[in-house]
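So you can see what is in the structure, the chains are spelled out below.
Protein chains: 2
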Amino acid sequence: MDRKKVSMAVVKRLPRYYRYLSDLLKLDTIRISSRELSERMGITASQIRQDLNCFGGFGQQGYGYNVELLYKEIGKILGLENNYKTVIIGAGNMGRALANYENFERRGYRLAAIFDVNTELIGKKINNIEIRHFDTIEEYLKLNHIDIAMITVPFEKTPEVADRVARAGIKGLWNFSPMDLKLPYNVVIENVHLSDGLMVLGYRLNEIL
Amino acid sequence: MDRKKVSMAVVKRLPRYYRYLSDLLKLDTIRISSRELSERMGITASQIRQDLNCFGGFGQQGYGYNVELLYKEIGKILGLENNYKTVIIGAGNMGRALANYENFERRGYRLAAIFDVNTELIGKKINNIEIRHFDTIEEYLKLNHIDIAMITVPFEKTPEVADRVARAGIKGLWNFSPMDLKLPYNVVIENVHLSDGLMVLGYRLNEIL
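The listed protein sequences derive, respectively, from chains A and B. Residue numbers for the first sequence follow the working numbering, so the first one is 165 and each next one is one higher. Residue numbers for the second sequence follow the working numbering, so the first one is 165 and each next one is one higher.
If you are wondering where the hints come from, they were derived from the structure by calculation, not from laboratory data. Model, not experiment: these values are computed from the prediction. Warning: the hint list may mix true and false statements.
Chain copies aren't distinguished; within one or between two, either way the pair holds.
Only pairs whose alpha carbons sit at most 25 Å apart, straight line, appear in this in silico PhoX-like list of lysine-lysine [as the list claims (entries may be wrong)]:
# : residue 1 : residue 2
1 : Lys190    : Lys321
2 : Lys335    : Lys240
3 : Lys306    : Lys176
4 : Lys321    : Lys176
5 : Lys346    : Lys288
6 : Lys240    : Lys190
7 : Lys346    : Lys190
8 : Lys346    : Lys176
Use the sequences and the hints to build the structure in full.
Right under this line is the structure:
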């Protein structure tokens, strides 16, 4: 299978398929037609067929999709078999919320450490994960392979923190500051813009009011 | 202008246009071509022209877009002129993070109150907003018009809380529990799935590793 053929538009829908297939597996569902999946997910059956065609071989005319196979394949495409290790930079409210978010571990992401600059927090634990001083991050990363840093530090500190973390070798940055972070290194950055979701809600609300 | 013609796919890109146009306004940019906007935003110029054509009249051959007009028009489409009032249900880490998130107010969303069931928190303030007991929400909503509830309560409490808030008249629910919340009323629900974003990051990371 040629992974390069999967477009980002499809990739962005994959986590949603993955969630629905996970729910179906919990209900011991063995197979599902694109029509049934369409009704559950609220996307057209033709969109589903088109999306899942990228992975080939899992949909069969008159049979539908094998739920477990499709679930596993989408998991592979998403890189979940890599068992990514993560750290959180910033033990404020958002950092704490992320440290306590159960679904990340369920998806194979393991939180290894939390970093902050507030000396009062160092050595304490959130959800059983130790808070370390940010000044020790380079040292920590020499001894521990970490794939992803979730950055939840204040806005004005974000570029500096991201730069330091990327230079210390972390390849994936998940940025919660409301800015499109860019770096001159070969790192992957996903910027979370919480207000974007709120504005989409506002648009839909405007339609029914 | 016929608002019905704007598809959800376009709507989901509007907050991003809005952010970029806001940045351009801060730089006193009066007009911009779709090519320049394309380079800044990393989307094709043809996609931009297609998206912004939905609003008609702002792009002119050889002139480009009037930044201020387009910014205002997109704001209108997004319903920002409604000055939506919000409440947060759940004063845990995520609730606190949202209460302190500066960009919502900048977009015209005003946080009016925070609700929780923990009696130790009642009367305290987060970012100058009072925490009230959730049992008083029906009474509060009789006296105060609120458009949107941001729900950050534990997973198992979410359906019950959402139901109660919707029956008390709130029309927009922003749900942070990892579930696709559905309700039998005429309410608009946006479900935030934080792990979806993390999985897209994981996919992109898998490509470069």
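Hints that the structure is at odds with (numbers, increasing): 3, 4, 5
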